[in-house]
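Peer 1: Residues per chain, in single letters:
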Amino acid sequence: MLRQDFNRSDPKRRILADHRKKQFAAPTYQETEYHHRLNFYAPPPTSDITLEQFEQWAIDRLRVLAELEACSFRNKSLAETASHMKPLINKYLLLQPNTSSSPKLFEERQKDHYSHFILRLAFASTEDLRRRFSRVETMLFRLRLDDEGPREKDAFIQSANLDCEQVTEDERNKYRDELAAISSSKKGIEEETTWIKVDWERVPDLVESRRVFMTAGKAYVPSKEQSSMVIAEFTKRLDRALDLTARALPRLDEDDRLTPILNHLSKNFITPDASYVSSSSSVAGADISARNIDALSTQFPLCMQNLHKTLRRDAHLKHFGRLQYTLFLKGIGLNLEECLVFWRSSFHKITDDTFNKEYRYNVRHTYGDVGGDSNRRGGGYSPFSCQKILTEHPPGPGEAHGCPYRHFNLENLTTLLQGVGITDRSVLNGVKEDKDSQKFHMACNRVFEHVHKNEIKKAKDESVMTSAQLETIVHPNEYFKRSYLLKNLGKANSGDIKMEDS
Amino acid sequence: MPHSISPESQDSCEAAEAKIEMVDALARNGDGQQTADKDVAMAGTNGDEKKDIKLEDLFADVDSDEEFPSSRREEVKPSSPPVAPSSPVGNGDNGISSSDPELLRMFYQRLFPFRYLFQWLNHSPTPTNDFGHREFALTIHDATNNEIYLRYQSYPTGDLIRKDIISKLPLRFEIGPVYTTNPRDRKTLRNQNSFKPLAKELCFDIDLTDYDGIRTCCDKANICIKCWQFMTMAIKVIDTALRDDFGFKHIMWVYSGRRGVHAWVCDKKARVMDDQKRRAIAGYLEVIRGGAQSGKKVNLWRPLHPHLSRSLEILAPHFQEDVLETQDPWADSDRAEHLLSLLPDKTLNESLRKKWDSSPGRASTSKWADIDALAKSGASKGLDTRALLEAKQDIVLEYTYPRLDIEVSKKLNHLLKSPFVVHPGTGRVCVPIDTNKLDEFDPTTVPTVQELHGEIDNWTGEAGDAKTPADWEKTSLKPYIELFRSFVLALMRDERDPKVKREREESEGMEF
Numbered sequence: 001m002l003r004q005d006f007n008r009s010d011p012k013r014r015i016l017a018d019h020r021k022k023q024f025a026a027p028t029y030q031e032t033e034y035h036h037r038l039n040f041y042a043p044p045p046t047s048d049i050t051l052e053q054f055e056q057w058a059i060d061r062l063r064v065l066a067e068l069e070a071c072s073f074r075n076k077s078l079a080e081t082a083s084h085m086k087p088l089i090n091k092y093l094l095l096q097p098n099t100s101s102s103p104k105l106f107e108e109r110q111k112d113h114y115s116h117f118i119l120r121l122a123f124a125s126t127e128d129l130r131r132r133f134s135r136v137e138t139m140l141f142r143l144r145l146d147d148e149g150p151r152e153k154d155a156f157i158q159s160a161n162l163d164c165e166q167v168t169e170d171e172r173n174k175y176r177d178e179l180a181a182i183s184s185s186k187k188g189i190e191e192e193t194t195w196i197k198v199d200w201e202r203v204p205d206l207v208e209s210r211r212v213f214m215t216a217g218k219a220y221v222p223s224k225e226q227s228s229m230v231i232a233e234f235t236k237r238l239d240r241a242l243d244l245t246a247r248a249l250p251r252l253d254e255d256d257r258l259t260p261i262l263n264h265l266s267k268n269f270i271t272p273d274a275s276y277v278s279s280s281s282s283v284a285g286a287d288i289s290a291r292n293i294d295a296l297s298t299q300f301p302l303c304m305q306n307l308h309k310t311l312r313r314d315a316h317l318k319h320f321g322r323l324q325y326t327l328f329l330k331g332i333g334l335n336l337e338e339c340l341v342f343w344r345s346s347f348h349k350i351t352d353d354t355f356n357k358e359y360r361y362n363v364r365h366t367y368g369d370v371g372g373d374s375n376r377r378g379g380g381y382s383p384f385s386c387q388k389i390l391t392e393h394p395p396g397p398g399e400a401h402g403c404p405y406r407h408f409n410l411e412n413l414t415t416l417l418q419g420v421g422i423t424d425r426s427v428l429n430g431v432k433e434d435k436d437s438q439k440f441h442m443a444c445n446r447v448f449e450h451v452h453k454n455e456i457k458k459a460k461d462e463s464v465m466t467s468a469q470l471e472t473i474v475h476p477n478e479y480f481k482r483s484y485l486l487k488n489l490g491k492a493n494s495g496d497i498k499m500e501d502s
Numbered sequence: 001m002p003h004s005i006s007p008e009s010q011d012s013c014e015a016a017e018a019k020i021e022m023v024d025a026l027a028r029n030g031d032g033q034q035t036a037d038k039d040v041a042m043a044g045t046n047g048d049e050k051k052d053i054k055l056e057d058l059f060a061d062v063d064s065d066e067e068f069p070s071s072r073r074e075e076v077k078p079s080s081p082p083v084a085p086s087s088p089v090g091n092g093d094n095g096i097s098s099s100d101p102e103l104l105r106m107f108y109q110r111l112f113p114f115r116y117l118f119q120w121l122n123h124s125p126t127p128t129n130d131f132g133h134r135e136f137a138l139t140i141h142d143a144t145n146n147e148i149y150l151r152y153q154s155y156p157t158g159d160l161i162r163k164d165i166i167s168k169l170p171l172r173f174e175i176g177p178v179y180t181t182n183p184r185d186r187k188t189l190r191n192q193n194s195f196k197p198l199a200k201e202l203c204f205d206i207d208l209t210d211y212d213g214i215r216t217c218c219d220k221a222n223i224c225i226k227c228w229q230f231m232t233m234a235i236k237v238i239d240t241a242l243r244d245d246f247g248f249k250h251i252m253w254v255y256s257g258r259r260g261v262h263a264w265v266c267d268k269k270a271r272v273m274d275d276q277k278r279r280a281i282a283g284y285l286e287v288i289r290g291g292a293q294s295g296k297k298v299n300l301w302r303p304l305h306p307h308l309s310r311s312l313e314i315l316a317p318h319f320q321e322d323v324l325e326t327q328d329p330w331a332d333s334d335r336a337e338h339l340l341s342l343l344p345d346k347t348l349n350e351s352l353r354k355k356w357d358s359s360p361g362r363a364s365t366s367k368w369a370d371i372d373a374l375a376k377s378g379a380s381k382g383l384d385t386r387a388l389l390e391a392k393q394d395i396v397l398e399y400t401y402p403r404l405d406i407e408v409s410k411k412l413n414h415l416l417k418s419p420f421v422v423h424p425g426t427g428r429v430c431v432p433i434d435t436n437k438l439d440e441f442d443p444t445t446v447p448t449v450q451e452l453h454g455e456i457d458n459w460t461g462e463a464g465d466a467k468t469p470a471d472w473e474k475t476s477l478k479p480y481i482e483l484f485r486s487f488v489l490a491l492m493r494d495e496r497d498p499k500v501k502r503e504r505e506e507s508e509g510m511e512f
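So the sequence lines, in the order shown, correspond to chains F and G. The letter at position 374 of the first sequence is residue 374 when you use full-length UniProt numbering, and the numbering goes up by one with no holes. The letter at position 40 of the second sequence is residue 40 when you use full-length UniProt numbering, and the numbering goes up by one with no holes.
Derived by calculation from the structure, the hints in this document are not laboratory data. Bear in mind that the values here come from a model prediction, so they are computed numbers and not experimental data. Ideal placement from N, C-alpha and C gives every residue a C-beta, glycine not left out. Wrong hints could be hidden among the right ones.
Derived CB-CB ranges, DEER-like [as the list claims (entries may be wrong)]:
no. : chain 1 : residue 1 : chain 2 : residue 2 : range
1   : G       : ARG151    : F       : LYS432    : 44 to 52 Å
2   : F       : ARG312    : G       : LYS354    : 31 to 39 Å
3   : F       : GLY421    : G       : PRO360    : 30 to 38 Å
4   : G       : ILE148    : F       : ARG237    : 44 to 52 Å
5   : F       : ASN454    : G       : ALA369    : 29 to 37 Å
6   : F       : ASP199    : G       : LYS354    : 52 to 60 Å
7   : F       : ASP128    : G       : ARG190    : 21 to 29 Å
8   : G       : ILE148    : F       : ASP239    : 39 to 47 Å
9   : F       : ASN454    : G       : LYS381    : 32 to 40 Å
10  : F       : ARG237    : G       : ALA369    : 39 to 47 Å
11  : G       : ASP244    : F       : LEU88     : 46 to 54 Å
12  : G       : ASP244    : F       : ARG135    : 52 to 60 Å
Put together the whole structure using the sequences plus the hints.
Peer 2: Okay, here's the thing in structure tokens:
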């Protein structure tokens, strides 16, 4: 498995061995040892395992990774994720520290090592899979690193061989105030920290959140942030290894035992985005047209209602607002012509000329009517999921996109909710709690359930909708669709039957 | 001097020549659509210039209707005297619109510093891929006066871009990244994924429209010297951070022509940064977060990061003078209510509100002083003085800290308007700003293309001057072009320095 990787990382050996002899010689490898609980997964595994183990180990790891990804989509904090994942990790991917005298120490670490490399093979094939794999593996690594005891952690960081410079006493005196501002915690207790100095390019995430002191292109990293450097290093090495794997994949000399397993594995790692299928979000029989949007907008989720209100108030929306709203409208089944009509009539303060010049192209691009090949073939962009709205492009001054539950302060959010007719005190309180604990989608679902409580009850009683159809909403278009179906319970039902017939 | 006697006649000669050339090219293009098609398929990277022209016209053709060549010819013919306004709808001096083709031709032909533009992007006197693989995007008018946006234009040398710009007369053009291959050849690559942006200056865009919530003198696209002070503050803060914290040296600030400024960070290290690093710098510098509805826009950890405490020091005098006194942001009670919403103590807010209601129209300076005065007088028991101080710091930042259009800085492949282009709306030239004389810069005195045209005409040479100066030296554009030249020269010097070169190789070694 991945033998050329191994060779590549060890050029000396290549020079020493005559390749003609080596080609037929049985390969001998150094026995893999696991000194640390954590692993940078640099050398690939070399001993034999059975096919059953191959599949079972991979599936076990995949379970953990899939759940980790789900956690990130639900916007769980690091602590929440850790507590949520603990039982799962203990069941499928337990790794005990060096201090425990468990006899299984080696087997556990071997399983961790092998399963990582098997999944590497399974997920190296496409750019998208590689990105997601590296993301969740990094999350897993971070969880384990945080969980590690201080001494083991230090030993591991030492072994990781990050080249960096210690900050001298002179420099520490020179920048005393600045360093103090970064290291001192809220409690005001000055802790003795060691500082290292690196090029700022190596710790972009620390720079972005202003957790390091910067001067002349050097970042001064306090000891408590050094683990994030290790994590960055882990991701960097993994990404590079994945690229190499991807390039080696076509040359994988395979006797069709592994390929089906690998394909099967990568298919099981479905994207949450894929759970939204564009054809399923539009509703049959609804009159989706430009002049009807006002009426329909009462059934939109709060983010879209806010955009709609802002649009009606200002007769304008800024770029990301237009993008988010256009995609949503596209998702509910508004066709391109109607969408252009909608935007044209909404921007009533500008001339036709300005509209054609500055906005028409963008709307058409969103629908895949113009643009590069891939855009047109793919039918434009797909509507934003809650995940995307919550995490990407937070709104800036004068912008109205994003998720109100997240990007509004409580007062404005309450005003907005009251403005759309949510006055029930218990619901508002619930929303406040959800917002405080950063469960924005829960707040949104809470509001949905409140607004539709009669219909949901009816739907459950008559069991017209299965419980699967009523699970948590994680997509604005799903919100509208479900809202529409519930409001038109009788009619939609007959529509469904009709569709099945045809 | 022959020049000063009849500059117009000479101008018209040149212009006429250029026109004939263009008409020719267009005619050929119109007749031989099919041969031109073949040319496209066969044209190499550096096809000869005639082919080049055809190629571009063909691109323009794709977007417009087929009548493009002929109608264009008709439009061009009657305007033989170069000064005659062919479309006299404008706001400029002689009633000539700043997008008038003849005025643009004069500007590009006689004033635009193509040589320095080339050197600036090329980083060396001899043409390299830094320039040749650089994307330019041109905004031009077609025959029916629609705007067409031509992306992925590129030019091997400074002379060729000048030639093409003069023939196309774009209203404006933008500069994009350097790509792995020539952007014009991107469709011919077998592997489309290998066409990637490699390097671009780190750019910042600050726009006064983002200050509409806090400025009282103007709104939307309008500006005056009062609200320009926000730009002055922004430049000071960002420039200091980029130089001191990140160690960048070659930073050029450019007036965008209407209501904002652009920054171009041209250091080699900055140019080769990937998106993640750009995002990191943008995040480091961004303080004002949240949309119209998010309430408090500044939320910072204490103690303040050194960058922020330094910025506060820079901004505090401006806050007193340019915000409190000049802008008077809390004069009416609605806006004052926003100020109260940013203060932490409810009881203190009550007494402040009472006081301000009793004397309507109280100036912001007094209101700001009232906060401390009332706090000291013990209007609120259990007042957290520390929280109040922090809230006041946050308010100073909200009203002074630069509001960046962050998307421009985050992406490697974002396009930004080139310096020295004429802003189509105002006619003002996008000139670099001298940061040593930052406080003296007044956007309302930046030359417009119409003024420049007049200045060339009115110029009379000094007696005994040995050599004839270049056209730009006769105009008020001179100090700006000289500033640009010295900036470019300093940049080129650093790129040549062998020490810098070795550093570059090392950093590249780390990338891969």
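Peer 1: All hints are to be evaluated individually against the structure, with a verdict given for each.
Peer 2: Each hint tested on the structure:
no.	hint	verdict
1	G:ARG151 with F:LYS432: 44 to 52 Å	48 Å, holds
2	F:ARG312 with G:LYS354: 31 to 39 Å	37 Å, holds
3	F:GLY421 with G:PRO360: 30 to 38 Å	36 Å, holds
4	G:ILE148 with F:ARG237: 44 to 52 Å	47 Å, holds
5	F:ASN454 with G:ALA369: 29 to 37 Å	57 Å, violated
6	F:ASP199 with G:LYS354: 52 to 60 Å	56 Å, holds
7	F:ASP128 with G:ARG190: 21 to 29 Å	22 Å, holds
8	G:ILE148 with F:ASP239: 39 to 47 Å	40 Å, holds
9	F:ASN454 with G:LYS381: 32 to 40 Å	50 Å, violated
10	F:ARG237 with G:ALA369: 39 to 47 Å	57 Å, violated
11	G:ASP244 with F:LEU88: 46 to 54 Å	47 Å, holds
12	G:ASP244 with F:ARG135: 52 to 60 Å	34 Å, violated
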